[in-house]
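Peer 1: We have chain A already, so just place chain B on it with the hints.
In the order they appear, the protein sequences are chains A and B.
If you count the first sequence from 1, you need to add 66 to reach this note's numbering.
If you count the second sequence from 1, you need to add 66 to reach this note's numbering.
Take the hints with a grain of salt, since some may be wrong.
If several chains are the same, the list does not tell them apart, and a pair holds so long as it fits within one copy or across any two.
[Said to hold, decoys possible] Heads up, simulated SDA-like pairs for lysine to any residue below, C-alpha to C-alpha not over 25 Å straight-line:
1) 324 to 170
2) 325 to 353
3) 325 to 351
4) 350 to 377
5) 109 to 175
6) 87 to 277
7) 294 to 325
8) 96 to 366
9) 350 to 302
10) 318 to 267
11) 363 to 332
12) 362 to 323
13) 96 to 348
14) 75 to 109
15) 349 to 111
16) 87 to 326
17) 294 to 174
18) 350 to 80
19) 75 to 87
20) 362 to 107
21) 109 to 374
22) 139 to 318
23) 350 to 174
Bear in mind the hints are in silico, worked out from the structure with no lab data behind them.
Just so we're clear, the structure is a prediction, and the values are computed from it rather than from any experiment.
2 protein chains.
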Amino acid sequence: MIDVIDIYKEAINGNKRAIGKLLTLVEDLKEENLPIVRDILSKGGNAHIIGITGIPGAGKSTLISKIISELRKRGYKVAVIAVDPSSPFTSGAFLGDRVRMQKHATDPGVFIRSLASRGLKGGLSLATLLTLETFDSLGYDKIIIETVGAGQVDIDIFFAAMSILVVTIPGAGDEIQALKAGLMEIGDVYVVNKADKMDADDAVQQLKFALESGELTKKTDWVPRIFKTSAVTGEGISDVVDSLEEHFAYLKRSGGFKKSVLLRREHLVKVLLYWLAEREVDKKLSTVSDIIDAVKKGQIDPITAALKAYDKIF
Amino acid sequence: MIDVIDIYKEAINGNKRAIGKLLTLVEDLKEENLPIVRDILSKGGNAHIIGITGIPGAGKSTLISKIISELRKRGYKVAVIAVDPSSPFTSGAFLGDRVRMQKHATDPGVFIRSLASRGLKGGLSLATLLTLETFDSLGYDKIIIETVGAGQVDIDIFFAAMSILVVTIPGAGDEIQALKAGLMEIGDVYVVNKADKMDADDAVQQLKFALESGELTKKTDWVPRIFKTSAVTGEGISDVVDSLEEHFAYLKRSGGFKKSVLLRREHLVKVLLYWLAEREVDKKLSTVSDIIDAVKKGQIDPITAALKAYDKIF
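This is chain A alone, in the form it adopts within the complex (with noise of 0.2 Å):
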């Protein structure tokens, strides 16, 4: 306990190395670690939590990296957490987006965490909850959370996402369909990234057509801006950034700010719960062995063994 405990100061000042630490700690959540993410959870709270989303291809990552240096510019601490699974950030594939990446990972005031590629016990989007409660609590002013956009996981994630992002490229007319049908719907700020593409402005007028016919709309009081970018010039990243200083201003004004953090903790307890109920499935396995061998050798059926196992574990 005294190791974790000096962890934790070490990364609340500021230490990458012990950040990191920290970080798997509370990401491969042991029940002798719930202590430390309780002391956690008590600090934070101040966080801007961004949900930057769109498709593979839409220069997510690249747009994340402009962004993340136009925060420092203006002074905040940014985290990113890549739940992505194609994203650079998540596999470091592509060498481009390693080098650019490569001057945040020396910024002591950014810290880039990937979550999607790795085994979490406890599944993606405790981890994430996790994650961004970590972050939150170190004092980090910017949180982004980088994902797909679509699947369960994504759904929990945008949970706690406060501002949300949506990225999408020219020539995208039936990507705008996608988002219709997808999570996307949810945007606070879109952009239209690679806007040195020639038919930039009619994907951002077709977007503009179906936030104003209301289809892309949430159900508040703001407007959603939208913004073309190009990720590589830099043009259009300070308005992106401005706008969303704008909406925080706003979620602060509206109360929404203060309501979307005890809602993501209310959402926590529920993820907790499953976590604890599937670590108790973990446990008693062992006590149920007769029962699996069963089914291994064709004797019975997995769904007659689950009833079975489930009525000895609990």
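Peer 2: Just chain B, lined up with the frame of chain A:
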């Protein structure tokens, strides 16, 4: 209950609407449908489960479309389960792909099911495992699972795949690093897609080298195969299908097939146990509303709340 049995009977007769309904019933698993799932599980165990994975942009979906055509030529009934959230099978976002899939949609011997973007209550792993068993039970000979190859869900799903095809593209030296880092060292067949690109041979050589050095090789007698394909022209597709067939024969001969069916059903028991436990949490959540309200009001932290609520529920 009678309804469900009727749907099942019609599904067995090949009625596509009934198959769709049956899959929805199975995916949105409810207690009252457990008997039908048990029935489904009692009939399967014959299908060849093929996992197809690779980074977004590698052309997985187009390749799968060609593989479906080749398998159909050989007289097999084919089902596809799309789990990759960036897949065109999933989002239906790209017009070109949609047109390409159209011919399969009208083929009575092909069924494509997308799972990624749906908010499945029991979780994606359980839904995928049960969808797979349903296709197996309905007599589909080849069941293709398309995943992005990262994350816990993919690990769960790859538990079920018997033959794994890894798709990469030329100029992907960095991607091979990603392959190594991820799940993808588990390939039985490797495909360098977009073979019309100049550096396809380089990519094949790099893969060969990685395979020969043992870095990408599973611990079985099967020697992984490497092919160049062009999903656009169709080059190499029949070789790929030949080698999948060879691998299937190998599995049948070595006992790996039978073992795989039982292993995946053993895994299903565990995933079902998680589901049963989570369902219990959902069912009893209203009995702990006072605790959750206290979190909403910021009176207690989520950890304390979850532990308290857990003791009350179980």
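Peer 1: Enumerate the violated hints, using their earlier numbering and listing them in ascending order.
Peer 2: Hints 1, 6, 7, 9, 10, 15, 16, 17, 18 and 23 contradicted; others consistent.
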